[in-house]
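K.L.:
The residues making up each chain are set out below.
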Amino acid sequence: MRDFDFEIVMGLEVHAELHTKSKIFCGCTTEFGGEQNTHVCPVCLGLPGVLPVLNEKVADYAMKAGLALNCKIASFSKFDRKNYFYPDLPKAYQISQFDLPIASGGYIDIEIEGKKKRIGITRVHMEEDAGKLVHGGGSLAYAGYSLADYNRTGVPLIEIVSEPDIRSIEEAIAYLDLLKAILEYTEVSDCKMEQGSLRCDANVSLRPWGQKELGTKTELKNMNSFKALQKALEYEIERQAEVLREGGKIIQETRMWDENKGETISLRSKEEAHDYRYFPDPDLPPIIISEEWVERIRQTLPELPQARQIRLVESYGLPSYDASVITGSKAMADYFDQACSAYGIALPAGQSTDDKGKERAKQISNYMMGELSRRLNASDQGYQDSPITPENLVELLTLIEGGTISGKIAKTVFDEMFESGKKPKQIVEEKGLVQISDEGAIAAVVSEVVAKNPQVVADFKAGKDKAVGFFVGQVMKATRGKANPGLVNKLLMEELKKQ
Amino acid sequence: MKLYSKRAHELHELLVSKQVSAVELVNDVAARLEDVEPKVLAFVSQRIEDAKAEAARVDDKIASGETIGPLEGIPMAIKDNMCTEGIPTTCSSKMLHNFVPPYSATVVRKLNEAGAIMLGKVNMDEFAMGSSCENSWQEGTRNPWRLERVPGGSSGGSAASVAAGQAIFSLGSDTGGSIRQPAAFCGVVGLKPTYGSVSRYGLIAFASSLDQIGPFSRDVRDCAQVMNVIAGHDPLDSTSAPIDRPDYTSFLNKSIKGWRIGVPKEYFGEGIDAEVEEVLRKAMKTLESLGAELVECSLPHTEYALPCYYIIAPAEASSNLARYDGVRYGFRTEDAEDLISMFSKTRSEGFGEEVKRRIMLGTYALSSGYYDAYYLKALKVRTLIKQDFDRAFEKFDVLLSPTTPTVAFTCGDRLENPLQMYQSDICTLSVNLAGIPAISINAGFADGLPIGLQFMGKPFEEGRLLQISHAFEEATGCHSQMAPLKGGCEG
Ligand SMILES: [Zn+2]
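For the protein sequence lines, the chains are A and B, in the order given. Going by the working numbering, the residue at position 246 of the first sequence is 246; the numbering climbs one at a time, nothing skipped. Going by the working numbering, the residue at position 194 of the second sequence is 1194; the numbering climbs one at a time, nothing skipped.
Please note that a few of the clues may not be correct.
[Stated by the list, open to error] Residues on chain A that point at chain B, a partial pick, calculated with CB under 7 Å: (1) 6; (2) 42; (3) 46; (4) 48; (5) 53; (6) 57; (7) 82; (8) 85; (9) 273; (10) 275; (11) 277; (12) 282; (13) 284; (14) 293.
Hints in this document: simulated from the structure, not taken from any laboratory. If you're wondering where the values come from, they're calculated on a predicted model, not measured in any experiment. Glycine included, C-beta positions come from ideal geometry on N, C-alpha and C.
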């Protein structure tokens, strides 16, 4: 980024909804959707007289996330009230954590152009989500009325605050990507940005290269996708740079990303910032966390994305690019591992497979990173609900490996598998797609095709390479693509030499 | 038969022996309620017909030979800050004048299950903020001993209804003296349990770290019976203590011989009326005659209790009362131009003066830049006050003091002067800050007005407070008089 006039300094604040069954302080379901105001009770509606009772699973999940992010877990933690008025906040305070968060002082290592970079995690704290407003007239300011839905009120959240260690938009994206993968792997959150279960705010500032002190920052809100994050950061960095280039000063403020206008808009300045009047919530006793409790949660930590990536490279010889794409999502990595099992090449960590196994693993990877991902993306599905099971994919690869079908036919079979969910063998049988490997049969077709096209034979003799392709195409056409391509090539060359 | 003047345990005997039916009992108390209500003004809402139907069911139970519990069929009143499913719960505030909770407070549920019969909801200072019951959206309740005097507050309706025979017992809540001070003014028994003894679930919060529900009754045995029903751990209240509750009646009829009673000097002298002190000195003699030893002691941080309380309680209240914004329930202003004006107009029109004063105080104390100087400092002082009590209880079984520095004052007298009003809780505030239990019982009279005696105990030792209170009551018989309902109030 040296070609840019300023050094970019960023930190991200990420909110993730925890994937617990019930809400943080009552027994209501956390399920997404549902008719408005049906997942509510007196407690999450904040009716007069109600009291919160902590769902201990929330502390478990927050601790698990903290451990996966290499944080220290507090032995003494507490809840505080964050006071502000808004119609989506029924108690007019949010129960959150102020000075004693459950986890702090962690880090994750992202990879940028093949190099590791460590991003510090300042803290992870628990809090409750607010409700949702639907404005009758676009935005709150112009609405004739607003409707409030409190289904989401009290759904548990963790807020993960990074250190201002991020120096480029690529780093910001890589950080959010890895963070999302870690939260998915640990199953603490389903991280669906489009449903709002993962939300990201960014603190952005610029400073001249070599300057120690941080520049004045702005806080960006309302980025609901990776794309929005990317565009909002691009816009804001350029906006700040322009102000600085013209000798102006950045105003410390909160700015909102407006997706439609493609710009960030000032929401409130530092002077207008809320005084949240945090104080310890007297309704909730402090949380005392024993070492045994931390250990119990540590035992439940799964293999994390980076460890898995290393394992895929070491055990199966996958290129590290393939491994990083596959382990970028837990569902995709699980799919790969299941496929390896089905192919008989699965190995415990620390062992590595032979060349044959590596070849098979690469075949699985190629299909996943190519056709399968393309089809899943196009139909807006994830690996967890792929119509082609890992077992069926391997069955297809086995048919290719054994020469039963050609690679070309395999594409047709694959499409049919994706549409119908049928097993590849069944499709091959139903459609008569078995590869022709009978030399006599192919030779007959080859000589017929050659005999019919003397002009092309002449071209071949004149040294025109295209001629071979033409003949192969004709043979394939005549056999409806079922001829073994290796045999076709061999027999064709023999036939042409005879001419 | 004047059933309304009897205690719950006496009425229980009459019900069990079938000398009186539950319907007769409810009819009698309801008639008394109706009769004196124009003078006392204790009730915010009544449910006499429903109460009669419930009484009929108790009679069916008795007729079929089933045993009934000690509070079954006994008419009661509930302070209007405890949620009652399907029955308006207003906190005596315009803000909640139309609020009907869809759920019941744990204490209400427990009393329902025990078969007690609620005749209605009783008056209070708005959101429990006040010491005279005059800060009510309704007209202020009167003291049944002399009607131009206040009944005390905030649980004024709870105390007055029991003193006037409009209910056999009642529930109130105590944040800084709101049970004990009106109990003293109205000459009844009022217990503030240890913080965490009785569930707060469904009690509309004033100051969450101080609020505690407790009973009003006409004698100590009834107080023990009600505690037997309402005390105990509640999984819906994270601050409720996970301990087994004793049988509180097992502490009655036991000697207090050899007990050491601490008499903190800070609770006597300046600010305490001579007539109050005189009655207290007499009570101390009685206790000595029962075999207790009375020793002067000191709670040195007592003078800081009032300022400390008036930072912590308003701070918590400013947050607890923020939810009344007109969005979901309760009062909403008629003329709002936008969201912010709806919030601010709703709150300035819906809350009374004292509530607004405390919200402002509390908001200020929690504001950035002032938090450390006020709120944090107050928390530290609170710890010192608690330590005073810890040290005293190393030497004493209970501590004794007047409940209030004066007898009930005249309606309107202190309304214009909040600081003078705050002084009436000077003897009761420390107990809430320390979270310990305390009881007020009648110790005698000055010019026909009751004077309260306060015993303070170690955490979760309500039983011992009942033991000494019962011994004193048996020795003096102070409890056996009914309030005369004399005088009139112009205020
Ligand atoms: Zn709920």
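K.L.:
With reference to the structure, classify each hint as holding or not holding.
P.N.:
Consistency of the hints with the structure:
no., hint, result
1, 6, "violated, 31 Å"
2, 42, "holds, 5 Å"
3, 46, "holds, 5 Å"
4, 48, "holds, 4 Å"
5, 53, "holds, 5 Å"
6, 57, "violated, 15 Å"
7, 82, "violated, 10 Å"
8, 85, "holds, 5 Å"
9, 273, "violated, 10 Å"
10, 275, "holds, 5 Å"
11, 277, "holds, 4 Å"
12, 282, "holds, 4 Å"
13, 284, "holds, 6 Å"
14, 293, "violated, 18 Å"
Checked against the numbered hints listed earlier, the structure breaks hints 1, 6, 7, 9, 14; every other hint is satisfied.
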